[in-house]
Amino acid sequence: MGKWDWQILLHDTGGGETYLRWLMSAWGWTCSVAVLSLIVALAVGSVIGILRTVPNVWLVRFGDAWTQFFRNIPLLVQIFIWYHVIPSIFLSLRAVPSFVLVVFALGFFTSSRISEQVRAGIQTLPTGQRYAGLAVGLTLPQTYRYVLLPMAYRIIIPPLTSESMNIFKNTSVAFAVSIAELTMFALQASEETSRFEEIFIPVTFLYFISAFAINRIAAFIEKRVRVPGMLGAK
Amino acid sequence: MSNLDFSFITWKVVSAFILKGLAFSIELTLIAMIGGIVLGTLLAMMRLSGKPWLAYPSAAYVNLFRSIPLVMVILWFFLLIPKLIGHPLGGAVSAMITFTFFEAAYYSEIMRAGIQSVSRGQVAAGYAVGMSYVQCMKLIVLPQAFRNMLPVLFTQTIILFQDTSLVYAVGEYDLLKGFEVAGKNFNRPVETYLLAAVVYFIICFSLSMMVRQLQKKIAIIR
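Protein chains in written order, with the working numbering: chain S, 1 to 234; chain X, 235 to 456.
Calculated from the structure, these hints are not laboratory results. Values in this document were obtained by computation on a predicted structure and should not be read as measured data. Note that beta-carbon positions come from the ideal geometry of N, C-alpha and C, so glycine has one too. Among the hints, erroneous ones may be present.
[As the list claims (entries may be wrong)] Pair ranges (Cβ atoms, derived):
1. Gln449/X to Phe99/S: 52 to 62 Å
2. Asp5/S to Val368/X: 20 to 30 Å
3. Trp245/X to Arg94/S: 45 to 55 Å
[To be verified] Some, not all, of what chain X presents toward chain S, calculated at C-beta under 7 Å:
4. Phe299
5. Ile302
6. Val305
7. Gln396
8. Asn421
9. Val424
10. Leu429
11. Ala430
12. Tyr434
13. Phe435
14. Cys438
15. Ser440
16. Met444
[To be verified] Computed cross-link-like contacts, BS3-like style, restricted to lysine-lysine with a CA-CA straight-line distance of at most 27 Å:
17. Lys450/X to Lys169/S
18. Lys317/X to Lys372/X
19. Lys450/X to Lys254/X
20. Lys3/S to Lys246/X
21. Lys372/X to Lys246/X
22. Lys372/X to Lys451/X
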């Protein structure tokens with residue numbers, strides 16, 4: 001395995017930019033996919049998770065079905081469904097860029113995991129809290145908004161953190177539909193340059209520090225929102 | 235192409251394209267499960283041994299593999315192993331090695347929790363009746379750890395089965411690839427991707443229902 005030649009990163013790709021530049025733009029795509037999917041996943045996952053705890057059998061069933069559906073199909077298959085199947089059935093979606101489709105694929109896939117955590121977070125709270133909210137005259141949505149959710153979200157910050165890190169890792173699957181993210185870069189650039197380590201080491205490193213950054217941000221949030229006297233607060 | 239037509243799916247097509255892929259997916263899952271649990275248990279025992287020179291390498295291994303995307307690990311192994319051993323290696327064998335090492339990191343965390351779920355008094359009792367460390371682990375701790383963690387180990391295996399679809403990155407012929415090739419041959423990619431989703435769903439959903447039953451069964455006995 002010959003000598004490493006890091007200068008390769010400064011070579012021109014033939015498109016008027018260096019490989020280093022391309023690497024950075026690929027990292028940008030990875031981060032955009034991850035952050036946007038995370039927003040979709042948190043929004044959808046929260047709604048589904050809440051539905052699974054409301055006193056209505058049909059809403060609970062819908063939430064359960066959603067979770068089972070998106071959890072039991074591999075992410076790669078879901079991405080293919082969004083990319084190949086949905087635009088050919090709903091012709092109006094043909095013009096939607098594949099970037100958006102991947103964001104929804106990854107977001108919905110992760111929403112099933114987040115809904116599990118939100119549901120668990122709400123259900124670990126004593127039932128008395130729900131009754132207390134309703135007893136002082138709050139409506140059910142108000143009880144969720146002011147009583148249950150503020151505590152539930154604080155409880156589930158640790159699993160939400162690892163899910164956010166997972167979403168960063170899972171963006172790598174988007175290479176299969178040619179999103180210009182890190183894995184796609186790694187495959188294309190290593191083929192063009194016939195260099196392997198010089199391309200894959202920085203890419204792996206960027207995945208590593210992205211996940212680490214998420215971890216630190218989450219730890220910061222966890223510290224900031226701590227309720228004194230509860231859950232390991234000082 | 236908005237009309238779906240599944241009529242091309244006959245038994246002949248299934249046995250020609252799909253079963254071969256399904257067999258490989260199952261084979262890969264089983265090998266990585268067994269190898270991963272064995273290696274993962276060793277890693278967990280190293281981590282809990284109380285000896286820094288065993289615990290730190292094990293922790294580093296687990297954290298490294300858990301912070302890199304599986305697709306990257308598959309590509310790394312696929313391109314590095316031939317360089318290390320000096321001759322090319324088939325995608326199938328490479329995938330088996332990769333998944334075993336990768337899943338070991340996840341299984342090891344499960345086994346670590348399992349070993350810690352056995353009360354310390356039992357280990358102390360083992361030592362008190364004169365057992366060695368190995369005997370204590372083999373006869374007292376590990377059987378209970380496996381038992382307690384059985385549902386979690388199986389749940390991880392369902393995730394592993396889903397993850398095997400990522401051998402797509404090195405072009406290996408698995409269940410998903412089988413559907414894809416069939417779709418290309420009959421020019422019906424939409425239908426075959428839908429069917430792939432249905433088949434994966436049926437397999438994973440029924441497995442997870444079985445795990446739920448197992449969980450109930452274990453909970454009653456304990």
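Hint check:
In this structure the supplied range 52 to 62 Å is violated for Gln449/X paired with Phe99/S, their Cβ-Cβ distance being about 40 Å. A C-beta distance of roughly 49 Å is found between Asp5/S and Val368/X, which places it outside the suggested range of 20 to 30 Å. The hint said 45 to 55 Å for the Cβ distance between Trp245/X and Arg94/S, and at roughly 34 Å that hint is violated. This hint is violated: Phe299/X has a C-beta 11 Å from the nearest C-beta of chain S, more than the 7 Å allowed.
Of the supplied interface hints, the one on Ile302/X holds, with its beta-carbon coming within about 6 Å of a beta-carbon of chain S, less than 7 Å. Against a cut-off of 7 Å between C-beta atoms, the interface hint on Val305/X holds, since the closest Cβ of chain S lies about 4 Å away. For Gln396/X, the shortest C-beta to C-beta distance to chain S is roughly 4 Å, which falls under 7 Å, so the interface hint holds. Interface hint at Asn421/X: violated, since its Cβ lies 12 Å from the closest Cβ of chain S, which is beyond the 7 Å cut-off.
Because the smallest distance between the Cβ of Val424/X and any Cβ of chain S comes to about 5 Å, under 7 Å, the interface hint for this residue holds. Evaluation of the Leu429/X hint against chain S yields a violated restraint, the C-beta minimum of about 10 Å exceeding 7 Å. Interface hint at Ala430/X: satisfied, since its Cβ lies 5 Å from the closest Cβ of chain S, which is below the 7 Å cut-off. Here the hint on Tyr434/X is kept, as its CB sits about 5 Å from the closest CB of chain S, short of 7 Å.
Hint on Phe435/X holds. Least Cβ distance to chain S is approximately 5 Å, under the 7 Å limit. Contact between Cys438/X and chain S, as hinted, is supported at the beta carbon level, the nearest pair being about 4 Å apart and thus within 7 Å. Interface restraint check: Ser440/X against chain S, minimum CB-CB distance 9 Å, threshold 7 Å, status violated. Taken as an interface hint, Met444/X does not check out: its beta carbon lies about 13 Å from the nearest beta carbon of chain S, beyond 7 Å.
For the suggested pair Lys450/X and Lys169/S, the alpha carbons sit about 33 Å apart, so the restraint of at most 27 Å is broken. Taking the CA atoms of Lys317/X and Lys372/X, the gap is near 38 Å; set against the 27 Å cutoff, the hint is violated. Simply put, Lys450/X and Lys254/X have alpha-carbon atoms about 35 Å apart, too far for the 27 Å limit, and the pair is violated. Among the hinted pairs, Lys3/S with Lys246/X is inconsistent with the structure: their alpha-carbon atoms are about 52 Å apart, more than 27 Å.
As the CA atoms of Lys372/X and Lys246/X are separated by approximately 49 Å, the hinted pair breaks the 27 Å bound. Pair hint Lys372/X plus Lys451/X holds up; C-alpha atoms about 24 Å apart against a cutoff of 27 Å.
Of the numbered hints given earlier, the model fails hints 1, 2, 3, 4, 8, 10, 15, 16, 17, 18, 19, 20, 21; all others are met.
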